[in-house]
Each structure stands twice: as C-alpha cells, then as structure tokens.
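> Each chain, written out:
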Amino acid sequence: MDPVFLSGQLFTGLSVASLLLLTALGLALSFGLMRVINMAHGEFLMIGGYLTFIAAKVAGPGFLWLAFPLAFVGTALLGALLEATVIRRLYGRPLDTLLATWGISLILQQGARQIFGSTGVPVTAPDWLNGAVTVHGGPLDSLTFPYVRLFVIVLSALVLGGMWLLLSRSRFGMHVRAVNQNREMAAALGVNTRQLDMLVFALGAGIAGIAGVGLALLSPVNPAVGSAYIVNAFLVVVVGGVGSVLGAGAAALLLGFTTALAEGLTSSSLAQAIMLILVVAFLQWKPKGLIPTRSRALEDA
Amino acid sequence: MNKTTQTALLLVVAAALIAAPFYLGAYSLTLLGRVLALSIAALGICVVWGRTGILSLGQGLFFGLGGYALAMHLKLAATAKGELPDFMVYNGVENLPWFWKPFASAPFALAMVLILPALAAGLVAWLMFRRRITGVYVSIITQALVLAFVTWLNGSQGLTSGTNGITDFQTFLGIDLRSSGAAGEAVTHGLYWVTLLILGVCMAGTNWLLRTHFGSLLTAIQGNENRVRFLGYNPAAYKIAAFAFGGLLSGLSGALYTVHLGTISPAMIGVTFSIELVVWVALGGRASIVGAVGGMVAGQLAKDKISSAVPDAWLYIMGALFVLVVLVLPQGVAGLLNRRRAAGVAEVDTGRADLPLPSPSKTGEQA
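If you read the sequences in order, they're chains A and B.
Heads up: the first sequence runs through residues 1300 to 1600, numbered per my numbering.
Heads up: the second sequence runs through residues 11 to 377, numbered per my numbering.
Hints were generated in silico from the structure; no laboratory data involved.
By construction, the Cβ of each residue, glycine as well, lies at the ideal position given by its N, Cα and C atoms.
Heads up, some of the hints might be wrong.
[What the hints assert, rightly or not] If we take Cβ atoms under 7 Å as the criterion, some of the chain B residues that face chain A in the derived model are:
no.	residue
1	Leu65
2	Arg141
3	Val146
4	Ile150
5	Ile151
6	Ala154
7	Leu157
8	Thr161
9	Gly165
10	Gln167
11	Leu169
12	Ile285
13	Ile327
14	Phe332
15	Val333
16	Val338
[To be verified] Simulated DEER-style distance windows between Cβ atoms:
no.	chain 1	residue 1	chain 2	residue 2	range
17	A	Ser1417	B	Val103	28 to 36 Å
18	A	Gln1480	B	Ala25	53 to 61 Å
19	B	Asn244	A	Gly1489	40 to 48 Å
[Unchecked claim] Here are some chain B residues the structure puts well away from chain A; computed CB gaps all over 12 Å:
no.	residue
20	Ile64
21	Ala88
22	Thr89
23	Asp96
24	Leu106
25	Pro117
26	Leu124
27	Asp178
28	Ile185
29	Gly225
30	Thr282
31	Gly329
This is chain A alone, in the form it adopts within the complex:
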C-alpha cells in the first residue's frame, strides 16, 4: 500500500478513535461503577453536537469558548436528570437499564428530528482551525494533517489525561474506585454512593457532550449520529475491560486503527464488519478485555 495513503488512513483512524474514546469514557464509568448500560449515551454526543451548532449561531466565528461549557454543562445536567428519574430505579438490573435507556434514546432522537430536521446541521470551524500541516519531501511527501482533526485528537488526549488525574489523584476519584471495587464496603466506610452515582453519570454525559463539539467540527450533526456511535463505543468498553479508563483508551485506538486499515484494504462497510468480527474473536482470547478488573467474586459481570 502507498505509505502516504496508509499514513493518512491511520491519521483519520486516530481522530475517529479520539471521538470514540470520549464517547466510551462515560460508558466505561457508568457501566463499571453502576452496571448501567446506557443506550442513550450516543444521544448525549448528539446533543453536544447540536449545542455546538447553537453556540456557533449565537457567538459567531469564535464560538468554541461558548461551545465547550455549553455542551458540557447541558449534557451533564441532562445526564443528572436521567439518573434521578429513571436510572436510579433500575440499579441491579443491567438488562433493564439497557431497554429503558433505548426508549429514552428514541425519544431524544425524535425530539432532535423535530427541532433540527432529519438532515445534518453544519458547523463551520473557526478560521484558525481551517488549514492543514503538509509534509514536504521524504517518503510521506504531500501527506496532510488537517488542523481540525489534530484539534480533536489533542482534545481527547487532554480529556483522557484529565480523567486519569481525576480518578487516580483526587478524593472524588478514590471514592469512584472504591465503589467500583466494593460498593457495600465503600458505603459502610462513609462514601455517599447515591450522590457519587449521579455525579459520575453526569460527568460521563458531560464528556460525551465535549465529544459532540469535536463531532460537530468534523461533520454535520444529525439525529442518527448517536446510534452510529453507540455500538462501537460499547465495544470499546468491552474490549478495554469494564471500568478501566486506560483500557478504554487502548481499545479505542485499537478499534480505530483496525477500522482505518481494513478500510484502506477493502471497502468501508466491509471494514466495519471485519472490525466487529475481530472484536468477537478478541473476546475469545481475553473475555474480560485488555485491562480486566480483578475480583474474587464468583459472579463478576
């Protein structure tokens, strides 16, 4: 394969993996901590995208300063609301959370369709993000890296780093890890698990909202965008190992690169299919994912 084409594919794969990672982080948190399968999580991404569109309408070309807080706070509030009204009643019934949140995702999608229409709404990236770095000379001559994609990659690296710091260095993170390992014990030691559940769920939703900003910069936002991401995001969680932030990061890269490479070799639809089959094969080898959570329990989902 042509090295320029190959590198270009890998670069695109990396930027797609970045968005996938941001979507999967929230899932990994709520799944790992609360065993909640949130099928409406893709819609948080979608809402983040629409909030970016609104920010661009309101604030003009330099809208990013508004888009990030708006998308984060908006989706986080919605996540908290969802947790308080529906998810809270379903703890301990993961399969039921899956069905209920799928219902919520249908409502959100239809809502978006009626407000914004079923065709995508475009967001024009600010001027300083237009353009690209081009390689001159050498084996990768004329390979281009668009600024927008670079921006998305840096964004997700920052969020991933921030999450890791938050989880491994802060008191909040310590509580999250404690509840993840043994909810009863953590509660007995004074962690307010109810409050923590809501905070974590809202945080995960907020990160999906941030991913929505990146998404809006790359392509038009439409009501179906959430369902396009959700299955892959769940695969990232499963492949990475439930509840592991670093595992999710590694898995997102793995899936993104595999898809990008397969796309270079075959067609994009076949690449998707190949990637999904590879995931199933991978789970044969490592059923608990790349970075499994160790536990002595007989039943540890």
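Guided by the hints, dock chain B onto chain A, whose structure is given.
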C-alpha cells in the same frame, strides 16, 4: 385467572384467528399474517431470554439469515434460466456467486431456512458461552454481530442487492404469489393459514420443550448458573442449545415474514428491529409463551395503527412505552396477570446493587 378460564380464553382466541380470513379485510389480514410470522421470533426470545436469562439483541441476524435464504430461492425462481438476478446485472456481476447456486433448489432453500440460522446461532453461542461471556456482554456482542451483518449486506451491492434488498418475487413452490382476484385471495388466505399453523406448532413445541428436564435446566441456569454447574451439568451446552433453538425460530419467522412482505432488506433486520422484537416480548411477558406472542402481536398492531395515524408521535410513544414497561411491569403483562409468579419475581427484581446484604437469588439478573 384459573386454568379453565385460561384454556377457554385461548380456545376463543384460536378460533377467532382461524376464522380471521372470513371477516377481516385484505389489508388487515395481510397485517395480521405478518405479525403472526413475527411472533415466531418472539417465541425464540421467550426461550432464550425469558427462560434462560440471555438477552440477545441480535435476533435480527438469525431472522435475516432465514429471510435471505428463502429470498434467494424466490429471486432465482423469478429469474429466467441461465440469466442472473436483475440487481446482479446492474452491478456488473457476471457469474452467479457460489453461495447463490444451491438456493435454486427449493428443498435446499427450505432446509437452509432452518439450518442456517440454527447453525449460526449455535456457533455464536458456542463462541460466547464456552468462554463464559455472560449478561450484558452477550447483549452487546450480539448487537455488534447484527450490525456487522447489516453493514456487510449494505456494502455488498452485487451479491445481496445491498440496501435495496431482494424483492420482485413471483412464484413460491409453483404457486403464483402475484395472482389477483379469486386466485389471489386463495393465495393470501392460504399463506395466512399456513403461518397460523406454523405458529401453533411452534408454540406447542416450545411449550413441550420448556416442560421437559431440558426446560427446567434452562430456568435453573437463569436462577443461578453456578449452582447448576456445581450440580454437575454443563450450563454452556444447555445455553448453546437454547440459543440455537431461538435462532431457528427466528430464521423460520424471517422466512415467513419475507413471503408475506414480498421483500427483505437490511433495514428490516437491523439493530432497531432486533431491539424492538425484544421490547414487545418484554411488554407481553418474556417468561410466558402466550405473553411473548401476545406482546408481539399487540405491539406490532399498535405500531401499524399509531405510526400511520400520527407518524411523528410514534417514536415518542414507543420510547415512553419502553421506559414504563421496564419501570412498572418488569415481567410484562403476563407477569401482572399471573400473581403467584409476579410475587416470586418481584423479590428477585427489587435486588439493588447497593443494598448491604445481597440475596443470592438476584445474581441471575446481575451476571
């Protein structure tokens, strides 16, 4: 409800269904036939999810395999000898692909309607349950597989007709599907009765199966798989068998549905469709055969009526239904009617993750 009332009610419903062609209009009868065909897939979900506790979100895969197996035969039957199906010609395919060739034979295609989905489901189940992949992982993997299948179908324009799906059928086992007038009515009625008969046979067969020792073990696996293992059984083998059986029923359902609708396409069998199947079964009552079938029939009929009356509101209504059923009726309508079972299950289902003393009986749902 006591046993006698139940039997009487069932007989009345059965009689009403058998007589349906005499009092229903053409549109309603076709709709009912389609819905009854879908109910066969609901039976499979009842066995796999309701009894064994495995939530598959990929039943559309097996449904599609059965549907496509038959559609390929119908397409070849509608194509003149020595020629290629029209969509292959448009896509520049010059020779009939190898996997199409045997489907020219009707007995082979009919056998494949059952064998292909059962084999595929058995293989998927073997891959998962051998490595003790359980619970939500199974749901996510099956969903990924159905997505992979649909994506491949969409992308393989020349081999599967892609997004358009396979359509324009003419004859089935020598019967002209396109005849009109009295002959057309005979075909519609015949197809309806055949569907009803197959559904009846499948319901009786499933009912029998669930009453055997095998059926008890499936229920036991849902309750506590480890205890079943400690008793010396291999739960994986039973789960694989149950999953394959569910796949077979889905495939059969898909094939019948394809004949009723006269077409099959990737959009009909995708992720949304697969989840919808599950939800109607949940609405009716996933542990009960009558509940699963009733839920599917009622749900699909409601979908047809409401989505044609208020197209925009349909997704809101369906979404709200999902949430309500899960919150208010975890065992569906059938669970509500059967008080004794509802009481037993309520104890299991209120198990919350953060209660200080987990009762051992809740592990089935949590795993």
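> Against each hint, give a clear statement of whether it holds in the structure.
Here's how the hints hold up against the structure:
{"no.": "1", "hint": "Leu65", "verdict": "5 Å, holds"}
{"no.": "2", "hint": "Arg141", "verdict": "4 Å, holds"}
{"no.": "3", "hint": "Val146", "verdict": "5 Å, holds"}
{"no.": "4", "hint": "Ile150", "verdict": "5 Å, holds"}
{"no.": "5", "hint": "Ile151", "verdict": "6 Å, holds"}
{"no.": "6", "hint": "Ala154", "verdict": "5 Å, holds"}
{"no.": "7", "hint": "Leu157", "verdict": "5 Å, holds"}
{"no.": "8", "hint": "Thr161", "verdict": "4 Å, holds"}
{"no.": "9", "hint": "Gly165", "verdict": "3 Å, holds"}
{"no.": "10", "hint": "Gln167", "verdict": "10 Å, violated"}
{"no.": "11", "hint": "Leu169", "verdict": "11 Å, violated"}
{"no.": "12", "hint": "Ile285", "verdict": "6 Å, holds"}
{"no.": "13", "hint": "Ile327", "verdict": "9 Å, violated"}
{"no.": "14", "hint": "Phe332", "verdict": "3 Å, holds"}
{"no.": "15", "hint": "Val333", "verdict": "4 Å, holds"}
{"no.": "16", "hint": "Val338", "verdict": "10 Å, violated"}
{"no.": "17", "hint": "A:Ser1417 x B:Val103: 28 to 36 Å", "verdict": "33 Å, holds"}
{"no.": "18", "hint": "A:Gln1480 x B:Ala25: 53 to 61 Å", "verdict": "59 Å, holds"}
{"no.": "19", "hint": "B:Asn244 x A:Gly1489: 40 to 48 Å", "verdict": "44 Å, holds"}
{"no.": "20", "hint": "Ile64", "verdict": "10 Å, violated"}
{"no.": "21", "hint": "Ala88", "verdict": "27 Å, holds"}
{"no.": "22", "hint": "Thr89", "verdict": "25 Å, holds"}
{"no.": "23", "hint": "Asp96", "verdict": "22 Å, holds"}
{"no.": "24", "hint": "Leu106", "verdict": "21 Å, holds"}
{"no.": "25", "hint": "Pro117", "verdict": "30 Å, holds"}
{"no.": "26", "hint": "Leu124", "verdict": "24 Å, holds"}
{"no.": "27", "hint": "Asp178", "verdict": "24 Å, holds"}
{"no.": "28", "hint": "Ile185", "verdict": "36 Å, holds"}
{"no.": "29", "hint": "Gly225", "verdict": "21 Å, holds"}
{"no.": "30", "hint": "Thr282", "verdict": "8 Å, violated"}
{"no.": "31", "hint": "Gly329", "verdict": "4 Å, violated"}
The structure is inconsistent with the numbered hints 10, 11, 13, 16, 20, 30, 31, although it conforms to all the rest.
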